[in-house]
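Which chain is which? The protein sequence lines are A, B and C, in order.
Per the numbering used here, the very first residue in the first sequence carries number 1; after that it's consecutive.
Per the numbering used here, the very first residue in the second sequence carries number 1001; after that it's consecutive.
Per the numbering used here, the very first residue in the third sequence carries number 2001; after that it's consecutive.
Worth flagging that the hints you see were computed from the coordinates, not collected in a lab.
Hints may be right or wrong, so weigh each one.
Listed below are the simulated PhoX-like cross-link pairs for lysine-lysine, each with C-alpha atoms no more than 20 Å apart in a straight line [unchecked claim]:
hint, chain 1, residue 1, chain 2, residue 2
1, B, 1015, A, 14
2, A, 14, A, 190
3, B, 1153, A, 14
4, B, 1014, A, 190
5, A, 14, B, 1003
6, B, 1003, A, 5
7, A, 320, A, 158
8, A, 293, C, 2133
9, A, 14, B, 1060
10, A, 14, A, 250
11, A, 250, A, 25
12, C, 2133, A, 511
13, B, 1153, A, 250
14, A, 462, B, 1153
15, A, 57, B, 1179
16, A, 5, A, 57
17, A, 190, A, 25
18, C, 2366, A, 462
19, B, 1015, A, 168
20, A, 279, C, 2366
21, B, 1015, A, 250
22, B, 1153, A, 5
23, A, 522, A, 190
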Amino acid sequence: MRSFKCDACGYENKEGTTICKKCGKPHDQAENSQLLNMRYDGTSIRSKTRNRSIIDKIWNFFSSVKVGVTLIAIALVASAIGTIYPQEMYIPQTVSPEAHYREQYGLMGQIYYQFGFHQLYGSWWYMVLIALIGMSIFIVSIDRGVPLYKALKYQNPKRHPNFLKRQKLFASYADYTKEDKKQLLSNLRKYRYKIIEKDGHFLAEKGRFSRWGPYVNHCGLIIFLIGTLLRFVPFMYIDDFVWVREGETKVIPSTEQTYYIENEEFIFETYGDDEEDQKFAEILAQQNAPIAKHFETSATIYRDISDDITGSEPELEEVKSGNIIVNQPLKINRLALYQDSYQLNEFQSMSFKLHESGDDAEESIVQFTVDLTNPSREYTFDNGFRIKLDQYYPDYELDDGEPRSKTNYPRNPGFVFFVYPPETEQPEISFLAIGHNIDPTQENDYKLGLTGFDVRDVSGLKIRKDLTLPILGVGAFIFMIGLIQGMYWQHRRIWLHPTDNKLWMAGHTNKNWFGLNKEIEKIIKHTNFTMPQDQEEKQHE
Amino acid sequence: MNKVELGKQKKQIKKRRRLIFRTIIIMLLFAALIFAVVSNLSADEAAVDVGDEAPDFQLKHLNGSGEQTVRLSDFEGKGVMLNFWATYCEPCEREMPYMESLYSQYQDRGVEIVAVSVDATELVVHNFVEDYNLTFPVLHDKNSQVLDAYGIKPLPTSFFIDENGVVVERVLGELTLEKLEGYLQQIEPS
Amino acid sequence: MTSLTDWSSSFLYASFIIYLIATVLFAATIKDKKREKQFTKLHVLALSTTIIGFISQLGYFVTRWIASGHIPVSNMFEFVTFFGMMLVLAFIILYAIYRIELLGLFALPIALLVIAYASMYPSELSPLVPSLKSHWLYIHVTTVALGEAILAVSFVAGIIYLIRQVDQSKSSAKTRWLEFIMYSLFATLAFIVVTTLFSALDYSVTFEHQPNDEVINLEYHLPPIFGPAGGEQVTENRMGALFDTPTWMHGAEAPRKWNTLVWSLLVGLIFYWIVRLILRKRVAASIQPFVNKANPELLDEVCYRSVAIGFPVFSLGGLIFASIWAQEAWNRYWGWDPKEVWALITFFFYAIFLHLRLSRGWHGEKSAWLAVVGFAIIMFNLIVVNLVLAGLHSYA
């Protein structure tokens, strides 16, 4: 590393230093009338020194603010592109993404899909981009923070005359008394400046800690980014989903079959039922569908205490019972259950009656109820009738003329019943579904009819465990502290420099010059000192 | 040694230290980057994957005699094809006849086929088994416990387990007859 | 209850008028050339009028809160109005620090535009859906609005700076961009004027069209320059659509939104040219003489200071509080919803602003241009994201 000797005090400065660390003599090439660049207090920025090895080159690349800003700008543009069309997670799940983007957004949509912008934020390159920003933040903080810390820690109150003359605020006083100077120093103390002295030279300083703000907030960001990385560690993070029907007990996924949940009741309210909702009448009248007001699942959580093997009947012990409401998850251990979605009025059971085909009054011969979650095969009656449930389609549809079930759930049940009148072995066949009552032979003597049904609601619950949250919280907290520290305070310094028969004063702040001016106005009160001149303004004039 | 040389030596040491420090930091950062990208790409790894030991379970046997249960460990020493399916799943329906056609042949060679249905009602499974005359054990995972333990996402999903209980192959989606036969051969006990 | 709602809208009207008066008063302080750099009675009057206007708007806010039972920031009308109110508050704060009357002369008209813009949205009390029922609604939305409002003051300072500093003696890219900003303000005004005019005339024409599989009735409240493609006019005795809306615009309401946009842009252009023909020079050039007394360095500092104050507030409200609430309501602290992404973009942008300023010395004009772009991003997030890229946050 090359260094140079300060020609004023002889101190050996590091290469890249623009203000002598010891005496403060400016060593930049600028003219003496120009204002001094006080960024990083003129210390040598590590990366600006010569680089030899590949490591140095990588280091220097990341420690450049220009590179950092460019990376953020790229991330900004990329993020914006991702909002042009909805991301994959927000499009309907029923069609393939490729078809969806083509049909909805035409050629542009197709291009969007081809480039993979439909899952932009989860793509490897977006992740690399954010990681590169993280690396830049990390390296830049070390690269600039450490020298700045050293420079501010060992400040020499006795500065080279050129250092003072080239500050933005500068004044030279000839007429002043000892009392004036005393008053000035006491005023400075009153405004909570810390004063250090060397050979009659004074440095009054306050708010130095605000200079650490950027490094503190970068530190918070790094902790935050590490937190997001830890999500990939399996035990730190669970994200799962379960549908539970009213009255049903289900295993909570991702808990290794230890926890079970019972949906005791699903409560659903809409606006308009209550007297109180009258005030929204105008809006409610405009809507086609009712607006959900409140929904919750009252649930009980159980633990399987048997050591039996998976699949055997669990032995359940109640752990907790409570209501799961939007914005109020139910927590067990570190697991949280969130109210996510719902399906109303799924069929639970259906009741039928049998009557003679020609009977207009449809007088019931037998009546029975089919439990749709666990239907019986046969229904026998005292009067000799026997009805067999031959086929059952929970979610009936016709596929190429073949009846089948679309899903597992009784959303649109269809039945094939065999009706055996007393003492016959030859059944009559009936097909029933919502909107269908088919007699395939057209010769049935008896006809089945739906008399009623029970429904129940299905609650969709999200299961989340996220042990990274505390880390993210700490990161965000530190980030905010750093931001406030750096933005709401400022580092102000005032130098007093006695010359043969004059006293020089110079002032510097890292921001909010207006505030510094106001403060100096107060500080020179009751003294003969006048306001220092703003040399930048002077130049403009 | 004079002062100048001493100073030079000091600087050399400082420079070395700085290089080591920078190298460590950069290596750590790149390691984090690689970790992030690799984890992101392998984000949807299965709960039970190739090379893992197949978790044991016990379920109700729907086409056996009487109220029977079947355990996976009952087949110790045999190769097992474990198929997760449902009646409403069309691809599952298509591959069932293939499994049936190969079943008796491979059963003699020490390979068992076990189909776990995730249907909600037993009735529909019974109807299905009768329609297709399935003779291999069809089990009913009423509470979705086994489904959860194996982390099943799409249906059908088939596991091919060797005689030591280790998963040799995991197939997401439908199987053709040729592929099925190939996999069954793989798990034939030697 | 109805009376409370009436009270609430009266308060809002009153504050609108009071802000208008305050603007005139601030203009008078600048005309008052004799007593430069003095805090005269006129200044006191202008400031106190602004504060009275703010209190009146606070009255609107409180009465509406009581009437609806929840904080009035839950739809487009309420949120934008609140943003206007926070803009006035941010102005009062920065005026108290810097005492720049010009800030009032520009900030108050912008607040007026914002509030007038808000009133173009339906203002009925609307119920809260379950996911919005949380204390975080209060905390998150109010901090975001305050943060964005303080950042908007940097735009105001930036625009004054640019009008003051950009050389108007010859046409350049800078003067053209400045005129473009002026035109944008005219277009916003045009939107308000046109919408108010036609709603006063009770204008309505309905089209039947089929954007997806369903046939939908689409009601226009402005004469249709652009009708829905392949749409059929249902209402009789009305002028038919002149053009078809391009088919690549998707969504059932896209044709109407597009039509409104075209109206605003066209009428805005007419307004702009009328003003320009009267003034016989560039709009910014004719404002320049009024602002040349301002100290550019001080304006630059206000521009930077409001970013320095606003950025932490915005980060806290728009990212941190937002994440905490999202974690509670939707069980993920971040979901890449368009509104969230645009909040992140805003954050990125002001981070760039600060880095360029602190480390690369982007002061003065460069910094002022950046402040303008920042405000454009905030407005984009407020208007375009809500109306076009709608996601979970879609209000209207």
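Comparing the hints with the structure gives:
Of the supplied pair hints, the one linking residue 1015/B and residue 14/A holds, its CA atoms being roughly 13 Å apart against a limit of 20 Å. Distance check on the hinted pair: residue 14/A and residue 190/A sit about 37 Å apart at the alpha-carbon level, beyond 20 Å; violated. For the hint pairing residue 1153/B with residue 14/A, the CA-to-CA distance comes to about 62 Å; that exceeds 20 Å, so the pair is violated. Taken as a hint, the residue 1014/B and residue 190/A pair is broken in the structure, with Cα atoms around 44 Å apart against an allowance of 20 Å.
With a C-alpha separation of about 18 Å, the suggested pairing of residue 14/A with residue 1003/B holds against the 20 Å cut-off. Between residue 1003/B and residue 5/A the alpha-carbon distance is near 16 Å, which keeps this suggested pair within the 20 Å criterion. A distance of roughly 70 Å separates the Cα atoms of residue 320/A and residue 158/A; the hinted pair therefore is violated under the 20 Å criterion. Taking the CA atoms of residue 293/A and residue 2133/C, the gap is near 9 Å; set against the 20 Å cutoff, the hint holds.
The hinted pair formed by residue 14/A and residue 1060/B fails the criterion: a straight-line CA distance of about 80 Å is larger than 20 Å. The suggested pairing of residue 14/A with residue 250/A is violated, with an alpha-carbon distance near 69 Å, which exceeds 20 Å. Distance hint between residue 250/A and residue 25/A is unfulfilled; the C-alpha atoms sit about 76 Å from each other, more than 20 Å. Of the supplied pair hints, the one linking residue 2133/C and residue 511/A is violated, its CA atoms being roughly 41 Å apart against a limit of 20 Å.
This hinted pair checks out: residue 1153/B and residue 250/A have alpha carbons roughly 17 Å apart, not beyond 20 Å. A distance of roughly 16 Å separates the Cα atoms of residue 462/A and residue 1153/B; the hinted pair therefore holds under the 20 Å criterion. The hinted pair formed by residue 57/A and residue 1179/B fails the criterion: a straight-line CA distance of about 53 Å is larger than 20 Å. Distance check on the hinted pair: residue 5/A and residue 57/A sit about 27 Å apart at the alpha-carbon level, beyond 20 Å; violated.
Only pairs whose Cα atoms come within 20 Å are accepted, and residue 190/A paired with residue 25/A is rejected, the gap being roughly 30 Å. About 48 Å separates the Cα atoms of residue 2366/C and residue 462/A, which puts this hinted pair outside 20 Å; it is violated. Proposed proximity of residue 1015/B and residue 168/A is contradicted: the alpha carbons are some 37 Å apart, above 20 Å. At most 20 Å may separate the alpha-carbon atoms for a hinted pair to count; residue 279/A and residue 2366/C exceed this at roughly 50 Å.
A distance of roughly 64 Å separates the Cα atoms of residue 1015/B and residue 250/A; the hinted pair therefore is violated under the 20 Å criterion. A threshold of 20 Å between alpha carbons decides the hint, and for residue 1153/B with residue 5/A the separation of about 71 Å lies outside it, so the pair is violated. A threshold of 20 Å between alpha carbons decides the hint, and for residue 522/A with residue 190/A the separation of about 10 Å falls inside it, so the pair holds.
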